[in-house]
Structures are given as structure tokens and as C-alpha cells.
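Q: Using the hints, put the two standalone chains together into the complex.
Heads up: the protein sequence lines correspond to chains Y and R, in order.
FYI, the numbering for the first sequence is 1 to 158, going by our numbering.
FYI, the numbering for the second sequence is 1001 to 1287, going by our numbering.
Hint data in this document are derived by calculation from the structure and do not stem from the laboratory.
Remember, predicted model here, so these are calculated numbers, not experimental data.
Virtual Cβ for every residue (Gly too), placed ideally from N, Cα, C.
Accuracy of the hints is not assured; some may be wrong.
As the list claims (entries may be wrong) - Below are the DSSO-like pairs computed for lysine-lysine, each with C-alpha atoms no more than 27 Å apart in a straight line:
1) R/K1049 <-> Y/K72
2) R/K1083 <-> R/K1049
3) Y/K143 <-> Y/K72
4) R/K1049 <-> Y/K3
5) R/K1005 <-> Y/K72
6) R/K1049 <-> R/K1005
7) R/K1005 <-> Y/K3
Said to hold, decoys possible - One side of the interface only, derived from the structure: several residues of chain Y facing chain R at Cβ under 10 Å:
8) L18
9) P21
10) V54
11) L58
12) V64
13) V67
14) Q90
15) E124
16) R128
17) A132
18) N134
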Amino acid sequence: MSKVHVSATVNGDPVEFLADPRESLLDCLRDHLGLTGTKEGCGTGDCGACSVLVDGTLLCACLVLGVEAEGKTIGTIEGLAQGHELHPLQRAFIDHAALQCGFCTPGILVASKALLDQNPDPTEEQVRFWLAGNLCRCTGYDKIVRAVMDAAAEIRGA
Amino acid sequence: MRYHKPDSFVEASRIASAAGRYRFLAGGTDVLVQMRAGISTPEDMIDLKGIPGVGDIARTPEGGWRIGVAVPGAVLGRHASLKADWPGVVEGMNLVGSTQVQGRATLAGNLCNGSPAADSVPGLIAACARVEVTGSTGTREILVEDVPAGPGRTTLAPGEVVSAILLPPRGAGGGDAYLRFIPRTEMDIAVVGCAVSLRFADGVITEARVALGAVAPTVLLVPEAAAALIGTQGDGVALAALSAAAMGAARPISDRRGTAEFRKEIAGVLARRAATIALARARGEPA
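With the rest of the complex left out, here is chain R (with noise of 0.2 Å):
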């Protein structure tokens, strides 16, 4: 294996290009499992830890967040300000693995890696957050939720790198939150996972976006649960709608960690009591 550390993300891509196996390195707290157990046997590592930025979270000029690739977990529950606007989107990242694992795990990472139980991604969907994609042509942006492409695939085209996740400002009135079901308290992989991204003025949820993970082969983004929240005060009738339209949205699979009934059940459980936080994180109550 050969080891890269470019200082430049059309250089990274330039490198991936020309490779054979290769894998980029953020964190590295997926790849260095999937390499021990033999599961990705790269020739061309590909460190992107060098290029400048990847490190910074930096408030765009219109009011969003630019976040680094190789930002880890950690940094993003230090970050204040952050944290202020999207709670949802840090504490999902927050609920990857241990101490040890948020020094390193990134949310380039948990979304790359393709999961559909990736704790970061549906807080980042309902965020309508979007990455920034560098290849051999330049530059495009898209939408988090078109990135997954099924377990472990991704929709990026071979030699393209994120290059960065953008979080869109939040605006008054904004809201969200993430919970996911675990049979312990820490250290697990989401059985469910549901976040909810909300506005609320003048007494009404003016707009909403919810996603759910671990109940289908990516994340889902589920704009007819989003709807039963749109235009009402986030009221009992509301939630009720909301969850049944997220339990009819789930179309999971039943394995060792949860059945496929339990799960459709917990999906609406999530998505009521995380548009609840979310509801008061919007309107400034206590949460």
C-alpha cells in the first residue's frame, strides 16, 4: 500500500484517478476496521488530512457552516455556536462510538461509509445539508440524501472526494434533533435513528424535513411525515400523523439487532418524541 498525503483536493482526486484501490483517509475509524478485517485491501491511501481547511469550521458569508472533512466528532460538541444552530446535526455525530472514536470519526466519514444505521446522516438530511464534491472536472454540491447509494456505496463517481459538508444558516424560528434506539446506553449501532429539522413562526411549523435510518438500505428522507407536521402547531393530531406516516415510510429488514415490525414501531416512537425536542429547541423552550 502506498500512502498520499496531497495538499490539495483536485490532487487527492487526481491520485484516487490513477489508482486502482484506493481509499481516502479522514478519520480512518471505518477504513483501518474494513482493512484488518480484510474487507478493503487498498494500494493507495490517500490522507487528506493535509489539505489546509479540513480542520475548520467556518460560518459561510451567507450565514451557513462550511465543516472540514477531517473534523472529528469531538470537535463538533466543543463547537458553541455551532451547536447553537444545528443541536440535531452535533448530536448525532456526538453518538458515534466512544471518547476514543469522536478524536477521530468525522461526518465526511459516517456519511461516506454508507451505512444506513450512520448516526451523523439523518440529522444531516434533515439539515438539508449538502457536500461539497471535488473530481477530475472541478467542483459540484449535492444534497446529503443523494450521496448514499445502498450499504457501504456511495453515488460519487470514481476519483471524487467530499470536500466539504455545508449546512444552510438556520434562520429564527429553526429547530432540530436526532434520537436513535439502542438496547444499551452508549457504544451501539441504531437499531432506529430519526431526525427532525423544523421551523416554526407566528404559532405554525412553516416548514419540516424528517429522515429516518436504519430502516431501509440508505437514510431516508420522508417528506410525507415531514407534512403531517407543515401547518399545524405540532400539536397531539400532528405527531400522531407524523409518526404513522414515519412507521409507513420504514420498510426495514429484520436482523440480530431489532425485527422489522419492532422497528416500523419504534420509527414513529423517534420521530414523535425528536420532533417534540426539536418543536422546543425552535421555540427556545427547554428541550
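The shape of chain Y in the complex, shown without the other chains (with noise of 0.2 Å):
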């Protein structure tokens, strides 16, 4: 089967690659660009494991074609600390221990970061309906959630 180039910029990098059309953009991250922040839990849209932005919109990458990245802007977990500044989002998930094993924790901070983005002042129901997509079978999202809450309130304070 012939394989469709795709160019992209991922995490502010342009990036190229040659994708089999049937492959998910999760597929193409993980194994042509070498970026396996972005988990695979369920791969049916159901866990957000794999939670991306593709041009600013927070999306399942295993439900999207990796064709269709192409000319797209995509955002994975790899870009969220500048160098090796963490971003609060982080800092407060180690400050809170809202993760176990951590296998959703990439997919929960990609997330997180894309409501506070367009909500920096969420209440705790806003922050539990936005991140219902995304499953954790550790913490019982308490811890998680807290996290949240306190770097929205740092990211206002700073």
C-alpha cells in the first residue's frame, strides 16, 4: 500500500513523515517522530490516553488519520515544559501526587492544559466534565483534580 507523505509542525518543529493511510495519528507520533509522551490506552477514543491538540482543538490522536495532519499544528505532551522548566500544570501534579502509574498522566496534562488555556478560572464542575474523557484507574481523580485547580490558580496569580 502506498505511503502518503505528511508534513506537520509538532510542538513548534517542522516535522515530516511517510504514514500508511490506514494509521492513526497516535501511530505516526509514536513510531515516525519518536514522541511516545502521547500514550495509547484504549484507542477508541475512549480513555484520551492519547490526547493531542490539532490546530488549538483538544483531540483523541487515535482518532485521527495520520494523513490528516498534513499543513496541521499539532501539540503533544513533549511540548508542554519550556527546556526543562515544568509547567505548573506539571509541577502541581508532583506537588499533589496526582498520578500512580502515570500511563494517563501525559494525555490528563494535555488536556488540563487546554481548558485552562481558554478557562484559567474553572470551578471543580468544570474541571471534572472537561477532563471526563479522560480515564485514570490509580488516583480516583481527587488529586487530580486538585492539581488543576491549584496551578489555574498560579497560572492567574503569575
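A: Following this line, the structure appears as C-alpha cells:
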């Protein structure tokens, strides 16, 4: 099956890869670009572990074809920290111990960042509804929600 | 699999007509899942997002709305004037999936996926929405209730593609609402769904349409439930008659998400509650 040449921007860098048209954006990020921070949980859009931003919209990378990324601007967990400087959300997750196995964490961080970018002062209910598509089987969510609320407060104060 | 990105619906339909196993791609939130499960193995994938206008929500000259087939739920939810006209349509679509799914999932896809539990379809049917369909012989318009043929099937001919969703002008005194029952608060498939759209003028309900989801092989338009509202003030007697009609029209199956008896009862409850919200909206009261 002939592959398709795809050019996109990932975390600010221009990238190119050859995609089998059946491959998901998640497969392309992980297998062709080596960006393994985006995790595959369910592969069917239910768990949110592969959350990424495509042209600013939060999506599951498993529900996007790699070939659809042509010309798009993509943001992944690898773009969250500024060099060695962790994003306030990342620090808050450490401070609150808002992760255990950590598999859902990249997706939750990307999704939380997308929320705070459009709503810097969310209520707890808004955080919980926004993150309803990000499943965590370890934490019970409370620490995650508290970490997001704290990070939001820090960013607003900064 | 070959990937196509045509720049017109005529071209999309032409590619499909010449193909064997094909799928149209808008949001992909059902198509990609079915491909992964091996339920769908398309040889040709026809991405509709390169066609001009597919991402637009436009007022029609008549005062209705033309919604592009690639407009995702999240964009509908942010469109204040569309929501003001058809809050029930928008709230139905916004119940589909997570924030991530809302970033991609579309009305056209929810309809063409053919699920009897599709959350956006009862609202579209109650609203008397139509779809524009493009095929090899040109375009035609059909009512949304005439699209589903059964679970996973539509009445569209091979090669035909939905090229727009068309909502009629709302007009004065209109209100609509959609409610579904799920055993949790988010991220679930409707056990029962119900949409009501009505018009209230001079103290009486003058028009109504009631649609039920997940209680039959397709989403149902229930004229006898609408008849229970029309000509009334939407009082308790009318709502009781509406409930009875909705329960009578429901012909659900029992499955792991609910028994048939439970679904019939909930159809009656949701019809009454959705009508109450639609009526409040029609009267300009807080719903």
C-alpha cells in the first residue's frame, strides 16, 4: 500500500513523515516521530490517554488519521515543559501526587492545559466535566482535580 | 487503503461510486473505531474536510441554518445564535462523547453512523431538519427521519453523501429540548433519548414534534405523542397523555443497558420532562 508524505508542525518544529493511510495520528507520532509521551490506552477514543492538540483543538490522536495531519499544527505532551522548566500543571501534579502509574498523565496534562488556555478560572465541576474523557484507574481523580485547580490559581496569579 | 481529499461533494460521490468498500470521513470518531475493530475495512477513504463550506454554520435566506458536515459538536456548542434558535439540537450533539470527541464528532456522522441511540438525531428529527444529499445525479433534500434504515444502515444510495444539515427557521414562540437517560453523568450511550420541539402561541401549543431514541431499530418520530400536546396549554393532563403516547410508541429491546420495560417507562418520563423544558423555552422562561 503506497504511503503518503505528510508535513506538519509538532510542538513548534516542522516535521515530515511517511504514513500508511490506515495509521492513526497516534501511531505516526509514536512510531514515525518517536514522540512516545502520547500514550495508547484504548485506541477507541474512550480513555483520553492520547490527547493532543490539533490546530488548537483537543482531540484523541487515535481517532485521527496520520494523513489528516497534513499542514496541521500539533501539540503533544513533549511541548508542555519549556526546556527543563516544568509547566505549572506538571509541578502541581507532582506536588499533589496526582499520578500513580502515570499512563494517563500525559493525556490529562494536555487536556488540562487546553482547558486552562480557554478558561483560566474553572470551577471544580467544569474541570471534572472537561476531563470526563480522560480515564485514570489509579488516583480516583480527586488529586488530579485539585492539582488542576491549584495550577490554574498559580497561573492566574503569575 | 487509498486516501482521497476531494474539493467538491460531486467529486466525493464520483470517487465513492467508482470504489468498492469506501467510507466518507468527517470527524472519524465512529469510522476509525470501526476500522480498528475490523468491522469496517475500507479500500477507499474519502475525507470530506477539503470541501469548501464543510466547516461553516450559515444562516439561510429563509432564516434557517445550513450546517456543514464537518462542523464538530464543540463548535456548535459555542455558536450563540444557533443555540438560541435550536438549543435542543445543540444540547443533543453536545452529549456525544468527551471533550476530545466533541472536537471532531459531527451531526452528519452521528446521523450516518445509524445508531438508534445517536444523541443528536432525535433533536434533528423533532426540529424537522433535513439533509442535503449529493449523488451522481445531483442533489436532493430529505427529512432526517428518512435517513436511518436500521442499526448501522441508512437509506442513502451507494455513492450518495450527506452534503449539509438544514434546520428550518425557528420562528416566534418556538422551543425545543433533548434529554437522555444514562446511569452515569457523562461518557455513556443513551438508554433512552427524547427530543421535543414545539410552538406556543396565544396560550396554546400550536405545533409539536416528538422523537424517541434507543427504543426501536431507528430513532422514531412519534406523531401520536405530538398530537397529545397540540391544542393544549401543555398542562398536566396533556403531559400525561404525551407520556402514555411515548410509552406506547416505544418498542425497545432488553439489553445490558436496560430492560424493555424500563426503557418504555423512561420514554414516558423523558417525553414529559423534555416537553416541559421545550415549553419553558418557547415561552421565554428559564428552563
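Q: Each of the hints needs a verdict: does it hold here or not?
A: We went through each hint and held it up to the structure:
1. Of the pairs offered as hints, the one joining R/K1049 and Y/K72 holds, with about 13 Å between alpha carbons and a cut-off of 27 Å not exceeded.
2. Under the criterion of a C-alpha separation no larger than 27 Å, the hint pairing R/K1083 with R/K1049 is consistent with the structure, at around 24 Å.
3. Taking the CA atoms of Y/K143 and Y/K72, the gap is about 34 Å. The hint is violated against a cut of 27 Å.
4. At most 27 Å may separate the alpha-carbon atoms for a hinted pair to count; R/K1049 and Y/K3 meet this at roughly 20 Å.
5. Distance hint between R/K1005 and Y/K72 is fulfilled; the C-alpha atoms sit about 15 Å from each other, no more than 27 Å.
6. Distance restraint check for R/K1049 and R/K1005: the Cα-Cα separation of roughly 7 Å lies within the 27 Å cut-off, and the hinted pair is therefore satisfied.
7. Taking the CA atoms of R/K1005 and Y/K3, the gap is about 15 Å. The hint holds against a cut of 27 Å.
8. At its closest, the beta carbon of Y/L18 sits 13 Å from a beta carbon of chain R; the interface hint therefore is violated under the 10 Å criterion.
9. Checking Y/P21 against chain R by beta carbon gives a least distance of about 4 Å; that is within 10 Å, so the hint holds.
10. The interface hint given for Y/V54 holds, since its Cβ lies 8 Å from the closest Cβ of chain R, which is under the 10 Å cut-off.
11. Using the Cβ-Cβ criterion of 10 Å, the hint placing Y/L58 at the interface with chain R is satisfied: the shortest such distance is roughly 5 Å.
12. Checking Y/V64 against chain R by beta carbon gives a least distance of about 7 Å; that is within 10 Å, so the hint holds.
13. Hint status for Y/V67: holds, given a least beta-carbon distance of 5 Å to chain R, under 10 Å.
14. For Y/Q90, the shortest C-beta to C-beta distance to chain R is roughly 20 Å, which exceeds 10 Å, and the interface hint is violated.
15. Against a cut-off of 10 Å between C-beta atoms, the interface hint on Y/E124 is violated, since the closest Cβ of chain R lies about 14 Å away.
16. Because the beta carbon of Y/R128 sits about 9 Å from the nearest beta carbon in chain R, less than 10 Å, this interface hint is met.
17. For Y/A132, the interface hint holds, since its Cβ comes within 10 Å of a Cβ in chain R; the closest pair sits about 4 Å apart.
18. For Y/N134, the interface hint holds, since its Cβ comes within 10 Å of a Cβ in chain R; the closest pair sits about 8 Å apart.
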